[in-house]
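S.K.: Work out the full structure: start from the sequences and follow the hints.
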Amino acid sequence: MFVLSSPSGAGKTTLVDLLLGLLKPQAGEILYNKYTLTEVLAQWRSQIAYLPQQVFLIDNTLRHNVALGEAECDIEEPRLLEALRQACLNELVEQLPQGVDTMVGEHGMRLSGGQRQRVALARAFAVSPSLLFADEPTGSLDYANGEHVADLLFSLNREQGTALVLVTHDQTLAERCSRAMSLVEGRLGV
Numbered sequence: 726m727f728v729l730s731s732p733s734g735a736g737k738t739t740l741v742d743l744l745l746g747l748l749k750p751q752a753g754e755i756l757y758n759k760y761t762l763t764e765v766l767a768q769w770r771s772q773i774a775y776l777p778q779q780v781f782l783i784d785n786t787l788r789h790n791v792a793l794g795e796a797e798c799d800i801e802e803p804r805l806l807e808a809l810r811q812a813c814l815n816e817l818v819e820q821l822p823q824g825v826d827t828m829v830g831e832h833g834m835r836l837s838g839g840q841r842q843r844v845a846l847a848r849a850f851a852v853s854p855s856l857l858f859a860d861e862p863t864g865s866l867d868y869a870n871g872e873h874v875a876d877l878l879f880s881l882n883r884e885q886g887t888a889l890v891l892v893t894h895d896q897t898l899a900e901r902c903s904r905a906m907s908l909v910e911g912r913l914g915v
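My numbering applies: residue 726 is where the sequence shown begins, and numbers increase by one.
Keep in mind the hints are simulated off the structure, nothing from the lab.
Any given hint could turn out to be false.
[Claimed, not checked] Restraint-style ranges between C-beta atoms, simulated for each label pair: (1) 755 / 907: 17 to 23 Å; (2) 750 / 824: 41 to 47 Å; (3) 915 / 882: 18 to 24 Å; (4) 828 / 865: 19 to 25 Å; (5) 903 / 800: 30 to 36 Å; (6) 838 / 900: 19 to 25 Å.
Please read all numbers here as calculations on a predicted model, not as lab measurements.
Every residue gets a Cβ at the ideal spot worked out from N, C-alpha and C, and that includes glycine.
M.R.: Put into structure tokens, the structure is as follows:
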């Protein structure tokens, strides 16, 4: 578990965007198994998950927000329900009028901030990534919800062996990580 912490504006999110393949390097290249990231982007992305600070939810059902991008016929119900359980959303599912088939509203407006963050975590649990990038995963949450989301992140590491790269200013969260890195003047230091 790595934490990447540096002052605001140091380029942490840009670095993550480069590693996700959302941006292309202006100079140099990023390699994955000896291939440039652009050559094996689909393979790379099949191994990773991303938890942004601002969770993206679509105006659709909880089911489709967890299985984002999957065709209806490819959504495996047991895997979906297990991911929701792991993200501690089973109580929410029980309270929703149509369970996982309840519409969550545009940008998830029918959910609290903590619930939206846990929906994004359920996405990660559902795909069982080898590596999860989380950018300020607790930044917009109150203390209790922040602690809960942090616990869920670390359970993903423990239960599924997912490596974590956390971008955070939250010192309590950073102290729970085994390795720390910082970005100073465009250079990564340990």
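S.K.: Is it true that the C-beta distance of residue 903 to residue 800 lies inside 30 to 36 Å, as the hint says?
M.R.: Since the Cβ atoms of residue 903 and residue 800 sit about 34 Å apart, the hinted range of 30 to 36 Å holds.
S.K.: Please check whether residue 838 and residue 900 have a Cβ separation lying inside 19 to 25 Å.
M.R.: Given range 19 to 25 Å: holds, Cβ gap about 23 Å.
S.K.: Is 19 to 25 Å respected by the C-beta to C-beta distance linking residue 828 and residue 865?
M.R.: Since residue 828 and residue 865 have Cβ atoms about 23 Å apart, the given range 19 to 25 Å holds.
S.K.: Per the hint of 17 to 23 Å, is the separation of the Cβ atoms of residue 755 and residue 907 within bounds?
M.R.: holds, 19 Å
S.K.: State, for the Cβ atoms of residue 915 and residue 882, whether the hinted interval 18 to 24 Å holds or is violated.
M.R.: holds, 19 Å
S.K.: Using the beta carbons of residue 750 and residue 824, state whether their distance is inside 41 to 47 Å or not.
M.R.: holds, 44 Å
When the structure is compared with the earlier hints, no violation turns up for any of them.
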